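The lines below spell out each chain.
2 protein chains.
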Amino acid sequence: MNDAPEHDTPAGAPDSQQPDIPGVIAPAMIEQFEEAVESGDRDFLKRTISELHPADAADLLEHLPLDEFRRAINLVDADLPPEAVAELGEDTRIAALGELSDDGIAAMVENLESDDASFLLNDLSDERRTRILARMPATDRAAIESSLAFDEESAGRLMQRDFVAAPIFWTVGQAIDHMRTVDDDDLPDTFFDIYIVDPGFRLQGAVPVSTLLRSTRETPLKDLMKESRVKLTTGMDQEEVAYLFQQYNLASAPVVDEAGRLTGMITVDDVVDVIQEEAQEDMLALSGVSESGVNQSIFSAVRARVPWLAINLFTAFIASTVVSLFSNVINHFVTLAFLMPVVAGVSGNCGSQSLAVAVRAIAERDMEGSMVMRAIRREAATALINGLLIAWSAALVSLILFHAPVISLVVGMAMTLTFTWAGLIGILAPLTLKRLGQDPAVSSSVFVLTSIDMISFFVFLGLSTLILL
Amino acid sequence: MNDAPEHDTPAGAPDSQQPDIPGVIAPAMIEQFEEAVESGDRDFLKRTISELHPADAADLLEHLPLDEFRRAINLVDADLPPEAVAELGEDTRIAALGELSDDGIAAMVENLESDDASFLLNDLSDERRTRILARMPATDRAAIESSLAFDEESAGRLMQRDFVAAPIFWTVGQAIDHMRTVDDDDLPDTFFDIYIVDPGFRLQGAVPVSTLLRSTRETPLKDLMKESRVKLTTGMDQEEVAYLFQQYNLASAPVVDEAGRLTGMITVDDVVDVIQEEAQEDMLALSGVSESGVNQSIFSAVRARVPWLAINLFTAFIASTVVSLFSNVINHFVTLAFLMPVVAGVSGNCGSQSLAVAVRAIAERDMEGSMVMRAIRREAATALINGLLIAWSAALVSLILFHAPVISLVVGMAMTLTFTWAGLIGILAPLTLKRLGQDPAVSSSVFVLTSIDMISFFVFLGLSTLILL
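Chain order of the listed sequences is S and Y. All residue numbers in the first sequence are consecutive under our numbering, ending with 469. All residue numbers in the second sequence are consecutive under our numbering, ending with 1469.
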């Protein structure tokens, strides 16, 4: 999570094994590391890990199978950089914490910034967390406890408590002198703004460090200060925070409590992770996966996917009852059994397209006010046009294949109708879920695809019954 | 794209119409703005736009239907902030450029940083771009022309040419004095690092501005400098750049040419857009949409979606030919026509899950070396376990519905097999595409879903023929 300027070797560094792709560990290095784990070569492991950037060290460790990973953690033990543990994926992080002693974790957590510290402790059982917190100095403990008191996906949890604040009546010179004299531990590793507060510690504005640097010592901070465009509050959802960082191209932003008092700072590197996560979550959710990860166990993968499959099985049976209503017409024209999955499948795809576009637009805040009606109109029109193009191509193909003009006519009519439905439900389902306060990505697919299956079976076989029988 | 510190009013500002959701324009404001467009109230439009942050001004303009949008651009004309045009989505940006005069665009482009300038000019026809460049001062023109010479999604295109460089033999004091005296136009609005170069302008390292600020004037820059962890080169793909920013939590990074000479700087705000875009692109690609946007025209939406539907229609027919091979058994047991879409549909979902997980892991560089085999094993095992759970639930349900134990047995056996296939092809297809140098998200779905349909029809109806007939 944090930048750790003491580590400066690029990925794959020791023995100058430069990787072909920057940021990706060289295979030869992974092999060497694995051998060292097997032979218990503690020194090689410690040296390799300490020479790598924490993010690369975490990647290297995650390349090991789970049992070797545990063994490596045990061997490196107290020399494992806390930042590397914070960079591990969820499953491996929990496994690593399981291997480490309470004292080891307490020492790690003390060396992390407060957001990363509470991030690590959050993975522990309540009991173990209390035990570890009890071993820590009172001030560190208090900072972490108040961070943990915020909701898991809130700005309060995302923020760090180290930042630079200066009273509004100071000059540039006073601010610089203050920063030169203050203890290193009380400042963030790097920072882009200093925040200006009134005597009640209420946030007044910010001065970029680059502006500070270019101004004369006598300049009052008040003259350089810009009022903050965006006010992040501790209770704000992290998705909201990410949106504001993107919208206003922020590198860091102050966080205030309900009384407007400055309490923390969020930096863009933490937000980048949130943006990536949220976008990936939407993609996984649309495909019915609640969670995934590089070192996910099979058990956890099954648990993350089987509920959706079970729901899907249920809805597939419901959709199929529609088919059984029409067994008479299928008995007469077995060609329908052949064409039925074509009609339903391609219409389902039209629905998936519309759904993906809508979920994306909602995530990017492009579905507000008058834009909603415009988007619905566009989706309906697009689906209708695509429906006409695809439906009558399908009709043509089935005419060539089966020489049954009436069946082809039914295919064309049915698909035109189901496409229009697919385009509409693809946007209306996520919009409705959003209005109900639900995540539009999570449960939309099941509504959309089941309804399209049902409608297409019903329309196609119904029209067949009307026209053919 | 860039932070424009001169605009500091939050979204929805004039007349203190604070929006409920920060960063989202208040509906009342949109109405007022629309009325002003209709009545041609130039002053109101100009005032509103100038009071908003460029990103909010762009959002406000995008709320208008396309014809009103064009009218608004015409009314505001030269007073349209260039940064707001750069913040527009692709379709509206092109529409806006169509309304503006060559002189207007030339004036805008001069005021933008070079990355945004080339971003805007890239949307124009070659002829118009040449005409506009000819109206610009020679130095600006040269900067933009060399930016446009890089590939569209490369680091060279993403970088800006304004940055702060200092020779390695300078002290902190010399660097600060230089920054205080240099012309504002030659410095970026904000910057987080200064870059240290040798006499040949080859990059040696970087000093964070916050470190500079905390050091005494006499300190040699050499003592503060950190060698750059990551070397970005002008030809590097933007996806690679985004990955490195994420991996190493960077706020900005220098870009060097092939000879190692410092040529530009990339800041995290531009990278955030890339990360968001790439993740969203994967989601859309998996659903068969090549492009989407808030103000996409119906024509462009049709063009972005119909090719996939056409391919899908073709593959659906191919998959269905499998069904026609077995018309005999369907004729005897019409229940099979009922169960067939259940088997194929739920297996298809299992494949989509596996595919989404694989595409995500590839995007996050979690599919390298030994992790590939582990991931394949996990997907196969997960699919087999889910297959067993779901297949025999399906068998049970069909037993209850149809009282045909042999058919239920066929359902159970067929689904167990097709699930395992689905899990494997869901990961193998994107991995193979990646190995072939293709985008794993773009064409995987069609292979995966078609093959699952074919396999499930074949296995289910084949087993039915063997066992039932």
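If you are wondering where the hints come from, they were derived from the structure by calculation, not from laboratory data. Treat the numbers as computed from the prediction; the structure is a model and nothing was measured. One or more hints might be untrue.
With a cut-off of at most 27 Å between alpha-carbon atoms, the simulated DSSO-like pairs for lysine-lysine come out as follows [to be verified]:
{"hint": "1", "chain 1": "S", "residue 1": "Lys231", "chain 2": "S", "residue 2": "Lys434"}
{"hint": "2", "chain 1": "S", "residue 1": "Lys231", "chain 2": "Y", "residue 2": "Lys1046"}
{"hint": "3", "chain 1": "S", "residue 1": "Lys46", "chain 2": "Y", "residue 2": "Lys1046"}
{"hint": "4", "chain 1": "Y", "residue 1": "Lys1231", "chain 2": "Y", "residue 2": "Lys1046"}
{"hint": "5", "chain 1": "Y", "residue 1": "Lys1434", "chain 2": "S", "residue 2": "Lys226"}
{"hint": "6", "chain 1": "Y", "residue 1": "Lys1226", "chain 2": "S", "residue 2": "Lys46"}
If you anchor each label on the Cβ, the simulated ranges turn out as follows [said to hold, decoys possible]:
{"hint": "7", "chain 1": "Y", "residue 1": "Asp1257", "chain 2": "S", "residue 2": "Asp79", "range": "52 to 58 Å"}
{"hint": "8", "chain 1": "Y", "residue 1": "Thr1432", "chain 2": "S", "residue 2": "Ala78", "range": "42 to 48 Å"}
{"hint": "9", "chain 1": "Y", "residue 1": "Gly1437", "chain 2": "S", "residue 2": "Thr432", "range": "39 to 45 Å"}
{"hint": "10", "chain 1": "S", "residue 1": "Gln438", "chain 2": "Y", "residue 2": "Asp1043", "range": "51 to 57 Å"}
{"hint": "11", "chain 1": "Y", "residue 1": "Asn1122", "chain 2": "S", "residue 2": "Asp184", "range": "40 to 46 Å"}
{"hint": "12", "chain 1": "S", "residue 1": "Gly260", "chain 2": "Y", "residue 2": "Pro1027", "range": "56 to 62 Å"}
{"hint": "13", "chain 1": "S", "residue 1": "Arg261", "chain 2": "Y", "residue 2": "Pro1027", "range": "30 to 36 Å"}
Stretches of chain Y that chain S covers, calculated by requiring three or more beta carbons in the stretch to come under 8 Å of a beta carbon on chain S [said to hold, decoys possible]:
{"hint": "14", "region": "1036-1049"}
{"hint": "15", "region": "1106-1120"}
{"hint": "16", "region": "1246-1260"}
C-beta atoms are modelled at their ideal positions from N, C-alpha and C, and glycine is treated no differently.
We went through each hint and held it up to the structure:
Note on Lys231 of chain S and Lys434 of chain S: the hinted pairing holds, with a Cα-Cα distance of about 24 Å set against a maximum of 27 Å. Restraint check: the Cα-Cα separation between Lys231 of chain S and Lys1046 of chain Y comes to about 26 Å, which is no more than 27 Å; the hinted pair holds. A threshold of 27 Å between alpha carbons decides the hint, and for Lys46 of chain S with Lys1046 of chain Y the separation of about 62 Å lies outside it, so the pair is violated. Proposed proximity of Lys1231 of chain Y and Lys1046 of chain Y is contradicted: the alpha carbons are some 43 Å apart, above 27 Å.
Restraint check: the Cα-Cα separation between Lys1434 of chain Y and Lys226 of chain S comes to about 47 Å, which exceeds 27 Å; the hinted pair is violated. As the CA atoms of Lys1226 of chain Y and Lys46 of chain S are separated by approximately 23 Å, the hinted pair is consistent with the 27 Å bound. The beta-carbon spacing between Asp1257 of chain Y and Asp79 of chain S, approximately 39 Å, falls outside the hinted interval of 52 to 58 Å. Between Thr1432 of chain Y and Ala78 of chain S, the C-beta spacing of about 43 Å keeps the proposed range 42 to 48 Å intact.
A beta carbon spacing of about 41 Å between Gly1437 of chain Y and Thr432 of chain S agrees with the range 39 to 45 Å that was offered as a hint. Evaluation of the 51 to 57 Å hint for Gln438 of chain S and Asp1043 of chain Y yields a failure: the beta carbon distance comes to about 43 Å. Between Asn1122 of chain Y and Asp184 of chain S, the C-beta spacing of about 45 Å keeps the proposed range 40 to 46 Å intact. Remark: the range hint 56 to 62 Å for Gly260 of chain S to Pro1027 of chain Y is contradicted by a beta-carbon distance near 27 Å.
As the Cβ distance of Arg261 of chain S to Pro1027 of chain Y is approximately 32 Å, the hint placing it in 30 to 36 Å holds. Coverage of the region 1036-1049 of chain Y by chain S is violated [criterion: at least 3 residues with CB-CB distance below 8 Å; count 0]. Interface restraint, the region 1106-1120 of chain Y with chain S: violated (0 residues with C-beta to C-beta distance below 8 Å; minimum three). Requiring three or more residues with a Cβ within less than 8 Å of a Cβ of chain S, the coverage given for the region 1246-1260 of chain Y holds, as 6 such residues are present.
Taken one by one, the earlier hints fail for this structure at numbers 3, 4, 5, 7, 10, 12, 14 and 15, listed in ascending order.
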